[in-house]
Structures are given as C-alpha cells and as structure tokens.
Amino acid sequence: MKKRTIVAALGCMIIGSTVLSACSAPVSQTSVPEVIQVQTLPTQDNKISLTSTETVEVVPDMAEISLSIRTEDKSASVCQQENTEKLNQLLEYVKELGYEDESIKTSGFSLNPRYKWTNNEQILTGYEMYTNVVVTDVPMDQVGKMLTEVVENGANEIDSVSYFSSQYDQAYNQALAKAIELSKEKGEALAAASGKKLGGVLNITEMSDNQYGRYVNADLRASKEAMKVMAAAESVEMDVMPGEMQVTAEIVVEFELAEVE
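Take the sequence shown: its letter number 174 is residue 173 in numbering that gives the first Met the number 0, and every next letter is one higher.
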C-alpha cells in the first residue's frame, strides 16, 4: 500500500510539472538601440520662387512661301500632264532664283474625280489635280518679286506666307537674360519687404521655348481668280510689310533668402 501511494504521488508531480511547463508563455527578447537618430527636414522659409517673362522684338528677314498648282480636265491623264508641266515650270523658275533643293519641298500630290448631280444621278465631269510647293529661306527683299512672278511660272494659288528671323536664337537668349534680371529686381523688393535680403540662385527653370514663335503668319492668300488678276497686272510687284515679331522667354527662378546682418 505504501509503494502504490508513493508511485501515485510521483505521477501527480510529473503531470503537474508538464502542465505548468505547457501553460507558461514564452519570453521574447527585444533589442534596444544604444543611439536613436532623429532627422530634421529643412524648412521652406529660406527661399523664394519667382516667375518672369520678357519679350524682345525683331524684324523678320526671311520668309516661307507655300504655293499650289491646280489643274482640271475631263481626262485624268491630261490633267496630270498639265499639272506636271506647271510644276516643272515653277521648280525651274525657283531654282533660277538661286534656291537649292533643300529649300524646296513638293508635297500634297492628289488626283481626284469631280462629279455633279443630275436627276439624282452622280455624273463624272472630269478630274482635278493638286500639288503643293513650299519654298523656304526666302530673303525679305525677294518675297514681293516671287509672289508676283510665280503667277507666270506655273503656280495658281498662294496658300500662305510666313515670316521669321534668322536672329531668333540670339533674340531668345536676350529675352532669357532680361527675364533673369527682372527676377532679381522683384526678388530684392520682396526680400526687403519681408525683412530679409536676397541670396544666391538655387534653381532656374525654363518654362518653354515656343519654337512656333520663329514664324509669323502673314495671312497672305490668293485664289486662282486672284492670281489671274495679279497676272494681268503686268508684273506689278507686291508690297510686303512684315512688321515686327515678338520673341518671348519665360522662366522660374528660385532664390535663397538670407538674414540681414
């Protein structure tokens, strides 16, 4: 009896020990850094951003002339032949003036049928062919002469005349410099008003270089009928007045603001 009692007591002790071991929560170990680093972000109070726009005016000295050749005939082959002859005549005239191939571009070739409606029926009446010729780098003193003489040399429509300046890049750089100077003047005034002084330039951003500003459309257009009138005027040279073109630069300048000593 005593042996059984001892064995039973030992069994209870083993079971109790196992239960306590299973119920106890695991102990986690957390590492604590010896040094904690704190990063301070810079404030935005020590700088100023300004947008400035300046314009420089220049007189155009070059032009781009867009011309058209239109021919009509009942026969498609005849219509095309007449258009080709007029085109060759125009190209020969332009080259005689001294223009190289890189200044002459031909495009917009098209041959289309023409119809009319009679008693709800579509009837073919003939064909129309269109060819476009663009001449670039035309000096201003030759624009009037060319616009007048192309009438007698194959062209029968003026699509457009655009002026530009060969000094555009120089004028644009001048506008940029003037815009920076304007930014400095405005920055100094604003800095003084805020009780600080203007520091160095932190950043300069060019907003846009409007390349389309290289050209000024003169909006000179002439239809076939107008070209016939010009041809009948016995080579009266057109008077071309290009006026002035504006070259504009826009920038954003960021300055540092410094404390007044």
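For the record, the hints were derived by calculation from the structure and aren't laboratory data.
Check each hint, because a few of them may be wrong.
Each computed SDA-like pair below joins lysine to any residue, with the alpha-carbon atoms no more than 25 Å apart [said to hold, decoys possible]:
1) K85 <-> G107
2) K85 <-> K183
3) K115 <-> K104
4) K94 <-> L49
5) K177 <-> N152
6) K185 <-> N202
7) K183 <-> E253
8) K46 <-> E148
9) K104 <-> S67
10) K196 <-> L49
Given the structure is predicted, the values throughout are model-derived calculations rather than measurements.
How the hints compare with the structure:
1. K85 <-> G107: Roughly 15 Å separates the two Cα atoms, so the pair holds.
2. K85 <-> K183: Answer violated: K85 to K183 is near 59 Å, above 25 Å.
3. K115 <-> K104: Violated, at roughly 34 Å.
4. K94 <-> L49: Given that 25 Å is the threshold and the Cα spacing comes to 51 Å, the pair is violated.
5. K177 <-> N152: violated, 47 Å
6. K185 <-> N202: Since the Cα atoms of K185 and N202 sit roughly 16 Å apart, the hinted pair holds (cutoff 25 Å).
7. K183 <-> E253: Answer holds: K183 to E253 is near 10 Å, not above 25 Å.
8. K46 <-> E148: violated, 61 Å
9. K104 <-> S67: Answer holds: K104 to S67 is near 12 Å, not above 25 Å.
10. K196 <-> L49: holds, 15 Å
Hints 2, 3, 4, 5 and 8, counting from the list given before, are not met by this structure.
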